[in-house]
Amino acid sequence: MKFLRFSLIVILFFSLSSLNAEENDKRNKITKNLRCLICQGQSVYDSDSEFANSLKILVDKKLQEGLSENQIYEYFKTKYGEWILYDPGLNKNTYILWLLPILIFLIGGAIILKSFIVKK
Amino acid sequence: MKNKILPFSVIIFFGIIFFIFYKGLEDSKIYTPDINTKKEIPVFNTKEFFSGENVKSSIIFEIDKIYLLNIWSSWCVPCRQEHPFLMNLNLDNKVNIIGMNYKDNFKNAENFLKELGNPYKEIFTDLDGTIAIEWGAYGVPESFLIYNNEIIKKYIGPLNQQLVDEINLFIK
Chain A
0 MKFLRFSLIV ILFFSLSSLN AEENDKRNKI TKNLRCLICQ GQSVYDSDSE
50 FANSLKILVD KKLQEGLSEN QIYEYFKTKY GEWILYDPGL NKNTYILWLL
100 PILIFLIGGA IILKSFIVKK
Chain B
0 MKNKILPFSV IIFFGIIFFI FYKGLEDSKI YTPDINTKKE IPVFNTKEFF
50 SGENVKSSII FEIDKIYLLN IWSSWCVPCR QEHPFLMNLN LDNKVNIIGM
100 NYKDNFKNAE NFLKELGNPY KEIFTDLDGT IAIEWGAYGV PESFLIYNNE
150 IIKKYIGPLN QQLVDEINLF IK
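Chains as they are written, first to last, in numbering that gives the first Met the number 0: chain A, 0 to 119; chain B, 0 to 171.
Calculated from the structure, these hints are not laboratory results. A few of these clues could be false.
To be verified - The calculated lysine-lysine pairs, modelled on DSS-like cross-linking and capped at a C-alpha distance of 30 Å, are: (1) A:Lys60 x B:Lys37; (2) B:Lys153 x B:Lys102; (3) B:Lys38 x A:Lys76; (4) B:Lys64 x B:Lys46; (5) B:Lys64 x B:Lys171; (6) B:Lys102 x A:Lys60; (7) A:Lys91 x B:Lys152; (8) B:Lys113 x B:Lys152; (9) A:Lys61 x B:Lys153; (10) A:Lys1 x A:Lys25; (11) B:Lys55 x A:Lys60; (12) B:Lys3 x B:Lys106; (13) B:Lys106 x B:Lys120; (14) A:Lys28 x B:Lys38; (15) A:Lys76 x B:Lys22; (16) B:Lys37 x B:Lys55; (17) B:Lys153 x A:Lys76; (18) B:Lys102 x A:Lys61; (19) A:Lys113 x B:Lys3; (20) B:Lys171 x A:Lys78; (21) B:Lys106 x A:Lys60; (22) A:Lys28 x A:Lys60.
Please construct the entire structure, taking both the sequences and the accompanying hints into account.
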């Protein structure tokens, strides 16, 4: 009986801690993608400024309220604009950023292909 | 002729890329937030500074009145600099100055007001800094001009005579 109780406690403890770890992972992932706006060049995760600390608390609160990762990003975007995200979405301001690498890759590929054909 | 077109177009292509990146180098990398857009003020629950009673934001901000929300703290040095300007603004009694005490210790904040005067019609507290984020604030000091539950203008950093004149123009 004693053993049963002990094992039950152990199982409960581990399941709780793994639950906590999952939430922590999510929180870290989100705060790493948020820019600390007063200590630029650092993410909220890395920073220990007053602003970043408050932001971390707020991310925790929103996670507890049951908001998804994207909903949290959306929330901060309405408050501070797109700049707060390190991973910007595709829109009219960022399409060059997204399409330029593909364009360069295609043009480069075309040049290489062409030189092969010419050699043949 | 065909052989010449290819290297020529490659040079032009890289030339354009070089030009774009070179222009990008000259751009300022310091982010300047948008301060002129009108936004609805957030809805939040907080505590009154002196009594510690719970208050709702909808009670603090009424429609058809001009408010200046000032985020301040006793540990913030620029807040000391801007305090006389807030006292002057309060003399005219045309704008209701609301204080948001940011991450502060009650005793220190109380002493700050005793020493420099209290220009605020009402003060509420933001102990963990989350309400300031609801407002889209960056830190202390920061002020928001509010009319009809909308943020008309945002002032990041301490107020000075020039900004006070600007606020007076809005009030008129």
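Hint check:
| no. | hint | result |
| --- | --- | --- |
| 1 | A:Lys60 x B:Lys37 | holds, 27 Å |
| 2 | B:Lys153 x B:Lys102 | holds, 20 Å |
| 3 | B:Lys38 x A:Lys76 | holds, 13 Å |
| 4 | B:Lys64 x B:Lys46 | holds, 22 Å |
| 5 | B:Lys64 x B:Lys171 | holds, 12 Å |
| 6 | B:Lys102 x A:Lys60 | holds, 17 Å |
| 7 | A:Lys91 x B:Lys152 | holds, 27 Å |
| 8 | B:Lys113 x B:Lys152 | holds, 29 Å |
| 9 | A:Lys61 x B:Lys153 | holds, 25 Å |
| 10 | A:Lys1 x A:Lys25 | violated, 37 Å |
| 11 | B:Lys55 x A:Lys60 | holds, 19 Å |
| 12 | B:Lys3 x B:Lys106 | violated, 79 Å |
| 13 | B:Lys106 x B:Lys120 | holds, 19 Å |
| 14 | A:Lys28 x B:Lys38 | holds, 29 Å |
| 15 | A:Lys76 x B:Lys22 | holds, 27 Å |
| 16 | B:Lys37 x B:Lys55 | holds, 22 Å |
| 17 | B:Lys153 x A:Lys76 | holds, 17 Å |
| 18 | B:Lys102 x A:Lys61 | holds, 20 Å |
| 19 | A:Lys113 x B:Lys3 | holds, 14 Å |
| 20 | B:Lys171 x A:Lys78 | holds, 29 Å |
| 21 | B:Lys106 x A:Lys60 | holds, 28 Å |
| 22 | A:Lys28 x A:Lys60 | holds, 15 Å |
Hint check: violations occur at hints 10, 12; the rest are consistent with the structure.
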